[in-house]
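Chemist: One letter stands for each residue in the lines below.
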Amino acid sequence: MTVDVEIQINDSTNPRARFLTWAPSPCRIRVRNPAGITTPFVSLKISGRSTASGGAVQFRAGATGAFSDSITLTVSASGNTAPFFSAGKFGRPSSSNGDVTIEARSGTTLVGSVPVMVRIRKNANTLSAPERDRFLEALAKLNNQGTGRFSDFRDMHNASALGQAHGAPGFLPWHRAYLLDLERELQAIDPSVALPYWRFDKAAPNIFKPDFMGSSDNLGTVQFNPGHPLTFWKTDTVPGIKRRPIPAFNVNLAPPGVIDEAATLALGTQYKQFRGMEGNPHGRAHTRFDAISFLSDASTAPRDPLFFLLHCNVDRLWAQWQKANSRFDQAVAAAYDENPAFPVGHRLADTLWPWNGVTSRVNPPSAPGGTLAPSPGVGAPGLQPRVRDMLDYRGVVSAASRMGFDYDDVKFV
Amino acid sequence: MSKKGKSAKSSKSARKAKAPARRTARSLMAVAASAKSGVKERVASLNEVTLAASDQDANVTRALDILGNDNEPAEVRMAALEALQTASFSVVAFAPVRGEYLATLRKVATDPNAELRESALGVLARNKDGFAQQKLLEGLQDPGKALVPTETALSLLSFDPHADAYNVARRIASAPPSDDARQEALRLLSADATSAPLFEKLLLDKSEKREVRQLSAAALHSIAPKKFQKRARELVFDPSEYPDIQATSLAAITNFSDPEALANDEPLLKRVDSLSEKSPAKVKQVARRFMTKFKR
Numbered sequence: 001m002t003v004d005v006e007i008q009i010n011d012s013t014n015p016r017a018r019f020l021t022w023a024p025s026p027c028r029i030r031v032r033n034p035a036g037i038t039t040p041f042v043s044l045k046i047s048g049r050s051t052a053s054g055g056a057v058q059f060r061a062g063a064t065g066a067f068s069d070s071i072t073l074t075v076s077a078s079g080n081t082a083p084f085f086s087a088g089k090f091g092r093p094s095s096s097n098g099d100v101t102i103e104a105r106s107g108t109t110l111v112g113s114v115p116v117m118v119r120i121r122k123n124a125n126t127l128s129a130p131e132r133d134r135f136l137e138a139l140a141k142l143n144n145q146g147t148g149r150f151s152d153f154r155d156m157h158n159a160s161a162l163g164q165a166h167g168a169p170g171f172l173p174w175h176r177a178y179l180l181d182l183e184r185e186l187q188a189i190d191p192s193v194a195l196p197y198w199r200f201d202k203a204a205p206n207i208f209k210p211d212f213m214g215s216s217d218n219l220g221t222v223q224f225n226p227g228h229p230l231t232f233w234k235t236d237t238v239p240g241i242k243r244r245p246i247p248a249f250n251v252n253l254a255p256p257g258v259i260d261e262a263a264t265l266a267l268g269t270q271y272k273q274f275r276g277m278e279g280n281p282h283g284r285a286h287t288r289f290d291a292i293s294f295l296s297d298a299s300t301a302p303r304d305p306l307f308f309l310l311h312c313n314v315d316r317l318w319a320q321w322q323k324a325n326s327r328f329d330q331a332v333a334a335a336y337d338e339n340p341a342f343p344v345g346h347r348l349a350d351t352l353w354p355w356n357g358v359t360s361r362v363n364p365p366s367a368p369g370g371t372l373a374p375s376p377g378v379g380a381p382g383l384q385p386r387v388r389d390m391l392d393y394r395g396v397v398s399a400a401s402r403m404g405f406d407y408d409d410v411k412f413v
Numbered sequence: 001m002s003k004k005g006k007s008a009k010s011s012k013s014a015r016k017a018k019a020p021a022r023r024t025a026r027s028l029m030a031v032a033a034s035a036k037s038g039v040k041e042r043v044a045s046l047n048e049v050t051l052a053a054s055d056q057d058a059n060v061t062r063a064l065d066i067l068g069n070d071n072e073p074a075e076v077r078m079a080a081l082e083a084l085q086t087a088s089f090s091v092v093a094f095a096p097v098r099g100e101y102l103a104t105l106r107k108v109a110t111d112p113n114a115e116l117r118e119s120a121l122g123v124l125a126r127n128k129d130g131f132a133q134q135k136l137l138e139g140l141q142d143p144g145k146a147l148v149p150t151e152t153a154l155s156l157l158s159f160d161p162h163a164d165a166y167n168v169a170r171r172i173a174s175a176p177p178s179d180d181a182r183q184e185a186l187r188l189l190s191a192d193a194t195s196a197p198l199f200e201k202l203l204l205d206k207s208e209k210r211e212v213r214q215l216s217a218a219a220l221h222s223i224a225p226k227k228f229q230k231r232a233r234e235l236v237f238d239p240s241e242y243p244d245i246q247a248t249s250l251a252a253i254t255n256f257s258d259p260e261a262l263a264n265d266e267p268l269l270k271r272v273d274s275l276s277e278k279s280p281a282k283v284k285q286v287a288r289r290f291m292t293k294f295k296r
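In order, the protein sequence lines correspond to chains A and F. Numbering follows the working numbering, in which position 286 of the first sequence is assigned residue number 286; successive positions increment by one, without gaps. Numbering follows the working numbering, in which position 118 of the second sequence is assigned residue number 118; successive positions increment by one, without gaps.
Do not rely on the hints blindly, as some may be mistaken.
In the DSSO-like style, the derived pairs of lysine-lysine whose C-alpha atoms are separated by at most 27 Å in a straight line are [unchecked claim]:
#1 A:K141 with F:K36
#2 F:K230 with A:K141
#3 F:K284 with F:K295
#4 F:K230 with F:K206
#5 F:K270 with F:K282
#6 A:K141 with F:K284
#7 A:K209 with F:K270
#8 F:K145 with F:K230
#9 A:K411 with A:K202
#10 F:K282 with A:K141
#11 A:K141 with F:K270
#12 A:K202 with A:K272
#13 F:K206 with F:K226
#14 F:K206 with F:K284
#15 F:K293 with F:K270
#16 A:K209 with F:K282
#17 F:K230 with F:K270
#18 A:K209 with F:K284
#19 F:K278 with F:K206
#20 A:K202 with F:K40
#21 F:K145 with A:K141
#22 A:K411 with A:K272
#23 A:K209 with F:K107
#24 A:K209 with A:K272
#25 F:K227 with F:K145
#26 F:K107 with A:K141
#27 F:K36 with F:K107
#28 F:K226 with A:K141
Derived by calculation from the structure, the hints in this document are not laboratory data. Values in this document were obtained by computation on a predicted structure and should not be read as measured data.
Pulled out of the complex, with its shape left as it was, chain F reads as follows (with noise of 0.2 Å):
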């Protein structure tokens, strides 16, 4: 064999060294399923295995059964229910098996590992499922049935806001189980259109937590944003205000005023060219911003 032939070969057989056979859907869902491996081993075939092609649909099955046995360690379902919600993303092909997975996925909701519930409840509330929004509204009602934590059940309901999770929202604002469930509560209700005279008087409130009064801008821009602009403005010229909210207040005025407005707006100008001189390091930075766009 000449050396040149050697080295080809070595190379070869190098390049093969490095790069390990792919393993098979089927050997990779065989060890999944099987009680004999270990549940490290069946985590790694699971976190291996890609269940995206129709003619996969029996691993899929495999990976359901997995799913929704309350036998099977906790972690080894979590892997499965993270492998078939990567395959949920091919929605064509994963039609098929979908009704079956978020069936077993509401089986799952109440299943007495806290990790799995919540993940379960988090696919459905996404995809808006009546059972997952009734069961988590029934936590809220009643902190007996509670699947999920308070702050992680408003955050799924914010999923599909509506009136009776808006009701629910507006009781907990009020009388906060925790300062969590407290600005889930607000974030949730940051799309209720009644609630802008509560995140008016959050926002001008300078003895709330800066979380809330930023969570405030957004939802009162968002819900009233002519009463906004307006308490924006406002904000800009208090000199005894906060960095943040200013910073804040200012971005906004920047970026969703009308431009000819603010153009004209000779105080507010003055206002910000002084604050791009001389302001917080996050004040002056968006106060340049506002200059280089607005200045004459």
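This is chain A alone, in the form it adopts within the complex (with noise of 0.2 Å):
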């Protein structure tokens, strides 16, 4: 019998727990079983060992100061944990699950590993075929012909609901909580999956492929490869997609007249000038789709899956443009758009809408889905967002505000 110790992810044994991102994830290690230990205390080094092509991490002991790829801790024999930190190294994401791995080791002997994801959202256009399909398959199980989950999100953002949503400042942080929702349902039925985000200021054309997102025929119905799993989507009781980019928009070429990275984060250093990025690009970006589309309705827009790429495009900017600007804070004022005379939901303090089961007067007549989907890592936003919990999503102002997802694009520090 040898020394064996315990590595705990996110404070977790939980394996559904051991997902990292850029943000520093905190973690701790003890020893299971001393056999063999003399003293009272044993010297570990951590460090991680990745694939080919897998993910890189990197360590620090406490919650401040510079991160490096190991570090060494001095653990009590005694079973007590000690703790550590981890995060992904900016620029080398996971694209397996478990392609990285944390060891321990006591001088040589390796003690102990747990297999990590640094699981962050990624470019669509440039994922891996592994990477697609399993986002695909996901999608395709939560759709599950129009009777699974997917239905609570397509009506949360149907007709009746939009005013939750759009118009007023709460429509990043909004829009927030309904991405990371359905993609913690997605982490439920396979926990490998990130959300990827559709760059529309760019050229994309392998996300209008039959093997993604489909091409679209001349009546605008989307093609997929056969045995493609979106092939049986279904939406409000009508199978398919219907998709048509407007003569102008060429698939294989950034679609015209969306503003691009640099002029949205130039919109202004305050979220009041920010927000209206919610007419060019995000607007703009749904009508580069023609009459017959859902994409180019705010009302029927959820019912083609590249709406969750292109949101999660818009949420990317706004992440950009905090990081820029440092406006992670909700006491920052400049980090919001606070006025008491916004509608109910778009105001700092309000609880989200559908996520509070709130129905009334001001709010839809249903609020679908329940509560916000858990994290097996995270506890923010918790299961009833307020908007100003969306804003500190990578715990920048308080750790324990970390909602467990990362841009590949956004550094930490």
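Each chain sits in its own coordinate frame; assemble them with the hints.
Modeler: Next comes the structure, spelled out in structure tokens:
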């Protein structure tokens, strides 16, 4: 019998919590079996081992300070846990679950290890085939031909619900919660899935191919390769997806009339200015599809799965803007557009519909889907998030606010 | 001036040159609404303008005026419609003008310009507008009244499928004016539970176009999933079946059948195992996915 240690990711022994982002995750290590240890403490070196195209991780001993490829901790032999922090190394996200392993060594002897994933939202246009297929399969399963949990997500964004999500400052926080809820449901099906984004200010031809989001025929019916998981996609009782680019939009190029990332970030350093992005690029990206397309109207847009890639990019742009202007703190006036005159659901202290379950005169008549899906690895934003809970998504202001997602091109520091 | 100062100044002016000042919505709409401006310039202004916030109501009204004015060039009106549709995503801010927007679209729905008509009817149909649905149905019943091609009308009616539309779609599916119209009629019927026998027949008919059989597979799976699963299993075993249809059938079985029943279906496991070794690429790929999921 040799010494054996247990490594806890996100302070949990649950394998479903073994996912990292660029933000520091609290971890712990403890001696589970002290066989062979003759001293009260043992020195353990913690490092990461990646597969050829796997993610990469880094470590630090405390809540602050620089990260490094390995750390050495002095751990009690009595079984008490010792804390440390781990994070994905920026630029090295995982491509599959467990493609990086966190190892603990005593001297040169491996005494404990856990497989982890640096799970990051990536550009859909450059997703690998296995990543793409896992996402599509999970999405198809969530839709389950119109009978699955996806119908709640469709109902959260129908004509009667749009006032909760659009045309006021809550637009960005509401959609962040919406995407996160959907992503967590997908992860309950396949934990390796992260939502990809459609970078609509760049050419993204791979997204519009029949092996991914499908290509449009002359009738605007989206065509998939035989056997594609979304072949049986169904919403509002009708199978299939209608999507046809406007004549000026060649899907091998960036859509015309949509302002680019630089122009979006230059809308202003105040949230009040930045939220103008709801018109362009957001609204413009939607209306790059013609009259028969689901995407070109707010009430039908979620019937097309491309909607979620589009909105993932909208959220990424907000994340870029927050990072560039340090706008994670709800106490900073410029981080949000707070005004008591705004409708319910759009003020910082308001809980967000439908997760709050409130149906009333000012809310839609039903609240589909129940509370927001929890995560095995993080506690935020809670089951009934408020507008203000959605700002500090990576725990910059308070580590407890970390929501467990990140973007491949938004650095933590 | 120091060298450092000079370079700082020049890089600042370079940045300035790179990012031209954004024109205000008001100035853009002034150009868009002016008959003195060229058509291209007016379209460019409408493509650039953001009509999102409530304090820009005057600009929204200007855009509505352009859209509803049939003396304006069609390209400019089309650009105004796109700008307004983009603004409509800001639901709360757009609410005060929404009624007027829809009323203008109803007017444009009968415009002489085909693109404008189709776009206006598209927005209205997605909003389940009764006026638009009535106009579309009338056009399908009497081609002399048609505002858009048959297939487009059927496609737009599928945003709110209902009995009247099913009756028209059934008639068109049995005597279609074109392949496109037939396909859209079938697509509309794919929400109609009473059409299951039609889709079952089309799915099994090897002389049918592949697109129609694929559509029938999705439709039958949607309205009679058990019946489709049974047929899909048969198609997987049929050595003379087309690869596209086999791949689609196998994907449906893989994703939607009862996993426990599948894992115990020895003949199916054996058949799919052999397809995963020897079959056209598109079938092989789905067969391998199936085996990864269900092999013991």
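Chemist: Which of the numbered hints above does this structure break?
Modeler: Hints 1, 7, 8, 21, 23, 24, 25, 26 are the ones this structure does not satisfy, whereas the remaining hints hold.
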